[in-house]
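Student: Based on these hints, arrange chain B on the given structure of chain A.
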Amino acid sequence: MEEKVKTQLKFTAKDFASDQEVRWCPGCGDYSILAQVQRSFPDIIEKEKEKVVWISGIGCSSRFPYYMNTYGFHSIHGRAPAIATGVKVANPELSVWVATGDGDLLSIGGNHFIHACRRNIDLKVLLFNNKIYGLTKGQYSPTSEVGKKTKTSPYGSIDYPFNPISVALGSDSTFIARTIDTNPKHMQTIIKRAADHKGFAFIEIFQNCVIFNDGAFDSYSDKSVRDENLLFLEHNQPMLFGAKKDKGLKLVGTKPVVININEPGNSVNDVLVHNEFDDSPVLSMILSHLSDSPNMPVPIGVFRQIMKTTYDEAVANQIAEVKKIKGEGDLEKLLFAGSTWEVN
Amino acid sequence: MIVDLNSKKHTKKLTEVTVRFAGDSGDGMQLTGSQFSDTTAAVGNDLSTLPDYPAEIRAPLGTLYGVSGFQLHFSSNDIHTPGDRPDVLVAMNPAALKKNISELKKGGIIIVNTDSFDARNLKLAHYESNPLEDDSLKGYESYPVPITSLTIKALEGSKLSVKEVTRSKNFFALGLMYWLYNRPLENTISWIKDKFKNKADLADANLKALKAGYNFGEITELFETRYEVDKAKLPAGTYRSISGNEATALGFLAASVKSKLPLFLGSYPITPASDILQFLSTYKNFGVKTFQAEDEIAGITSAIGASFAGSLALTTTSGPGLALKTEAMGLAVMTELPLVIVNVQRGGPSTGLPTKTEQADLLQAVYGRNGEAPIPVIAASTPSDCFNMAFEASRIAVKFMTPVILLTDGYLANGSEPWRIPHANEIPDFPVNFRTDSEGFHPYLRDENLSRPWTKPGTPGLEHRIGGLEKANITGNVSYDPENHDLMVRLRQQKINNIANDIPELSVDGEQQGEVLVLGWGGTYGSIKEAVMHVRNRGHKVSQAHFRYINPFPKNTSEVLKKFNKILVPEINLGQLSKILKSEFLAPVVSFNKVRGLPLRTSDIEDKILELLGEKK
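Protein chains in written order, with the numbering used here: chain A, 1 to 344; chain B, 345 to 961.
Please note that a few of the clues may not be correct.
To spell it out: a stretch of chain B is covered by chain A in this simulated footprint if at least three of its residues, at any positions, have a beta carbon under 8 Å from a beta carbon of chain A; those stretches are [as the list claims (entries may be wrong)]:
| id | region |
| --- | --- |
| 1 | 431-442 |
| 2 | 561-572 |
| 3 | 581-591 |
| 4 | 638-644 |
| 5 | 787-793 |
| 6 | 806-817 |
| 7 | 843-855 |
Bear in mind the hints are in silico, worked out from the structure with no lab data behind them.
Everything numeric in this text was worked out from a predicted model, so none of it was measured.
For every residue, glycine included, the Cβ atom is placed at its ideal position computed from N, Cα and C.
Extracted from the complex, chain A is given alone in its bound form:
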């Protein structure tokens, strides 16, 4: 009896921790992501923990599945979205999560990423973006900024970086969000929101690499400046930021400008109101490029969420539909189909 009561109790973060020793560098942002996932999961997975599958490619982030006490698959470089697609299509009842990094997802795995987005497969993808190659020891990544000096770019990187949010938007991902390793509460909220989304969910997580790119996000994540420089996106709320919430984002044509709402002639009514569920991706795209311009805040939160039939659902629907028309498959009939002849 006691045993039964016990099994019905809610999981705790510990239930999601495996017995494997976590081996990331001390101070790595990955620890925070692991902790927030483990803390969020009891609210996401209320029973049947066995239905959770974590899939990864290669990189520091991709060691993630080993540390989760769920089903897991640490695969090969860049291919996690494709493997996850196979898992989810084969068994849509599974809750399939992908842990990946900027090199893994956007460089070698770029093709799989955009196609998983457009197909709207019900996967949750957590991009650990530290703007550097960590596991291969410090080469520039597809999200590194121009001019970045690394071992393979001693004179500065001349590659223009990918903007992961706009890539996901451009590929029609149905849920797109961003969070940051130094804000645990925010990250937990976003993880739960992604879990609730029925369809492909993409979360970019700013994650600090203490060894090869320490402080990459300091200019907007450091305690001293984050209120001034982070714009927290909230549905139906005006896009205000700053320690006193006196700065707001206004749209002039298609160009975003920052105004102080307390200055004469300005009002909170001039400030853009965030609509996560907007049918059009245009405003989200503008937001994703906001920080390309100097003195603009960096948006954090859910950029966009729309609803579409998922790929795995469509596969199941089509099978049901064809069965209805053709009837359940019959091997004998199929083998003997078409023009046959008898030899006596």
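Tutor: Using the frame of chain A, we list chain B on its own:
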């Protein structure tokens, strides 16, 4: 010669005929050939076909590189190949004549569409003068027929444009060939009616052209003789004509039904493998899930994911695609998940000859991976054998928890032959035991075959992690321990070696020991078989053996090899099986290699055997 009561013309009995249809790639030669094959199958001949078409979908009209051909060998006897050289050539234009005339048997029949022999087409075919008017067709029995204009005449009053009317000329040619070889029109008539059921004008035009061609044969003074080939004496049963790719798709479907595993195919279209994806995508009512991936790598990795989730998972491809899948194959080896990888080999390297056949991916299949990554390799020997081997590949993959490579080739894939259809209840079940018991569970615990347990995500209490990093024996935790790696490398190899206990021994046709054994693998079976038969018919003792299982080899391979003084290994590569046999068995093999993008010629193999026997043909 006998007189057909229904016809004023003579009918001559033949035992076998090889026909080649050749025309422009827009002329519908593949369709014409396959209709002739289907009808030929239906009247009970044994047959074998060889479609041979350019990689370009519609090469410029009239050019030599745009010629599309379809060869068909049919007989009242047991046959095994599409025939070395045609007895009859139907040439729809000068380029088709030019490209094929050298292959035609001496004294063979040529039927040409004279309408297409204008100055422009002759120039495109690089003819200096019109071969119909000079002496170049001397030595052949040539029949000039104005096929285009006769078709246009037959379709007078049609609502179709001249261009569309002209397109029906292949049915005129087909009708004429049906008359010449005494074939009924019914099969093709019902095919046309079904195919064009929503395009009444087209159906009508094609039917009229078909009948006009047939009647032309009857009325014209051109032909005095028609031919008849009796039914073949095949084993009793119900038959259908089947191509290798269709047989492969059906074999996997049968494996899915017999294992009760849902089928998942992750694939990227590539010639000549695409048909398998196309066929399987029509079997949705069997619950088959086909995923047309964004690339070859997503094809195989999605299949690996589906296998992890508990499906019978496949990926299909051709040479260059197999190269792209290499890294993922290693992952499947390391994670010890069942997976079938089909490689429909084509001419290589690189893009090579996309529409032509070759068997030059053997070394890639057996060895082409990083690390010690043993994968079983099996090969189909005839179009219908693709059914058996697809089923076998699935069975081995599941039983031994391993990826398996199934090799077929362009000739098997597109070639067709009569197939005695097995009843569903004659196909054996193969059991699949998913691990569900958490008591004493470890992901890399092994059974008597050295296979690890297959555990589906979703099974309570068995949560575990797998991946590409080396695993500790039994626990499956990541391990960099040197001794453990050595052990795991050996265990993975031993597991594959154990498959030899689970496959049939190599059987030898003919004497079990002696002077010459002709030993092949894969799609060259028919050519080798006919060559050996011809040599034996000349009174020589020659034996034949054929590998369908290559890694591991059948258990008695070494024993068989030792019993013959000379071992001839014909292959459509530069000696890949020979190389493996030499290194594995130190066998004294003699290689015979032709890499022309075509099946091996029976006569070439025959000459080589005779040479080995010390006799010149």
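Student: State for each hint whether it applies.
Tutor: Tested hints:
1. Here's how the region 431-442 of chain B fares: 0 of its residues keep a CB closer than 8 Å to some CB of chain A, so the rule of at least three is not met and the hint is violated.
2. Counting residues of the region 561-572 of chain B whose C-beta lies closer than 8 Å to any C-beta of chain A gives 0; at least three are required, and the coverage claim is violated.
3. Check on the region 581-591 of chain B: 5 of its residues sit with their Cβ under 8 Å from a Cβ of chain A, so the three-residue criterion for coverage holds.
4. Here's how the region 638-644 of chain B fares: 4 of its residues keep a CB closer than 8 Å to some CB of chain A, so the rule of at least three is met and the hint holds.
5. Against chain A, the region 787-793 of chain B contributes 0 residues with a C-beta closer than 8 Å to a partner C-beta. That does not satisfy the three-residue criterion, and the hint is violated.
6. For the region 806-817 of chain B, the assignment as covered by chain A holds, since 8 residues bring a beta-carbon within under 8 Å of that chain's beta-carbons and 3 suffice.
7. Only residues whose beta carbon comes within less than 8 Å of a beta carbon in chain A count, and the region 843-855 of chain B has 0; fewer than three means the coverage is violated.
When held up to the earlier numbered hints, the structure conflicts with 1, 2, 5 and 7 and fits the remainder.
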